[in-house]
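Those sequence lines, one after another, are chains R and D.
Just so you know, we're using my numbering here: the first sequence kicks off at 9 and counts up by one.
Just so you know, we're using my numbering here: the second sequence kicks off at 9 and counts up by one.
Be careful, since some hints might not be right.
Here are the computed lysine to any residue pairs in the SDA-like style, where the Cα-Cα straight-line distance is at most 20 Å [claimed, not checked]:
hint	chain 1	residue 1	chain 2	residue 2
1	D	168	R	49
2	D	129	R	22
3	D	113	D	152
4	D	140	R	22
5	R	18	D	129
Per the computed footprint, the stretches of chain D lying under chain R, defined by three or more beta-carbons under 8 Å from a beta-carbon of chain R, are [said to hold, decoys possible]:
hint	region
6	47-54
7	61-70
8	98-112
9	138-146
Quick caveat, the hints were computed from the structure, so don't treat them as lab data.
Only a predicted model underlies this, so the values are computations on that prediction, with no experimental measurement involved.
Backbone N, C-alpha and C define an ideal beta-carbon position, used for all residues, glycine too.
2 protein chains.
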Amino acid sequence: MTNSNQLAVKIVLDAWFSNVKRTDEVFNKLTDEELMNEIAPGKNRVIYLLGHLTAVHDRMLPLLNLDERAYPQLDDIFLTSPDKSVTEIPSAINLRAFWKGTNEKLEEHFKKLQADEWIQKHNSVSSDDFVKEPHRNRLNVVLGRTNHLSYHLGQLALLK
Amino acid sequence: MTNSNQLAVKIVLDAWFSNVKRTDEVFNKLTDEELMNEIAPGKNRVIYLLGHLTAVHDRMLPLLNLDERAYPQLDDIFLTSPDKSVTEIPSAINLRAFWKGTNEKLEEHFKKLQADEWIQKHNSVSSDDFVKEPHRNRLNVVLGRTNHLSYHLGQLALLK
Chain R
9 MTNSNQLAVK IVLDAWFSNV KRTDEVFNKL TDEELMNEIA PGKNRVIYLL
59 GHLTAVHDRM LPLLNLDERA YPQLDDIFLT SPDKSVTEIP SAINLRAFWK
109 GTNEKLEEHF KKLQADEWIQ KHNSVSSDDF VKEPHRNRLN VVLGRTNHLS
159 YHLGQLALLK
Chain D
9 MTNSNQLAVK IVLDAWFSNV KRTDEVFNKL TDEELMNEIA PGKNRVIYLL
59 GHLTAVHDRM LPLLNLDERA YPQLDDIFLT SPDKSVTEIP SAINLRAFWK
109 GTNEKLEEHF KKLQADEWIQ KHNSVSSDDF VKEPHRNRLN VVLGRTNHLS
159 YHLGQLALLK
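Please take these sequences and the hints and turn them into a complete structure.
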């Protein structure tokens, strides 16, 4: 573990937590009815983004080798199907709880990991490949998912 | 310079370059006329985002202590004023060239910086504060600007 490694972990995690917080604030400000609005005419509904982000974050638990996922049932609705193609989706109240619970569980694990554990491989890369491509580590996953979150946060900002 | 520091630099720069490329592809696919479209009804026009992102990236040159900025005249139009409030804006052809030139200049500098130079302070933090907050380094700026780019890239994706 090196000092500069700790620095890198800090800047990546700071960005993650700050973007989760900003997204949280957007969802919390909206009523359950408003969650059914589209972010722009003919585009995804807010509730779809809520489910989509929850599914993506839930998948980080096994990907980062931290835990089993809690909500695999979300994938069919919010990852592999476009919005409005599945008629029965979880309720707003449940999705809000899944979203909150998933981010809290990630936070719990993130805070326990030591700096040198962050540069360990994630679960979608083989040990052989990791020897050649050591940047395919846990930290890289969090950085990529933070960008993914920003991407959808920019869309949610259009609701204003 | 440590190996783990090099890794952190690589994952942050990879994310930067990949997002610049994706955004480039969006702008390149659009005609000059299409740049005048709004990303959603009543929202920013694409040309505003092009100017906005160029201004933000141009400002990274002095912020990262790499170079003087090239296009300070963009700030009044694309940073401090909302879209459609300034009637005379640079032409699409000029803005496309500014955008391309700015990212190329950044890339040139980024490729020359050594890993230990990335954890040097950026220009908006005093030397005193940097001693206490060493995460306020160049790498952190690039990470933040990558998230900013993803945010607007998510909005540009709504054009499809």
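Hints breached by this structure: 7 and 8
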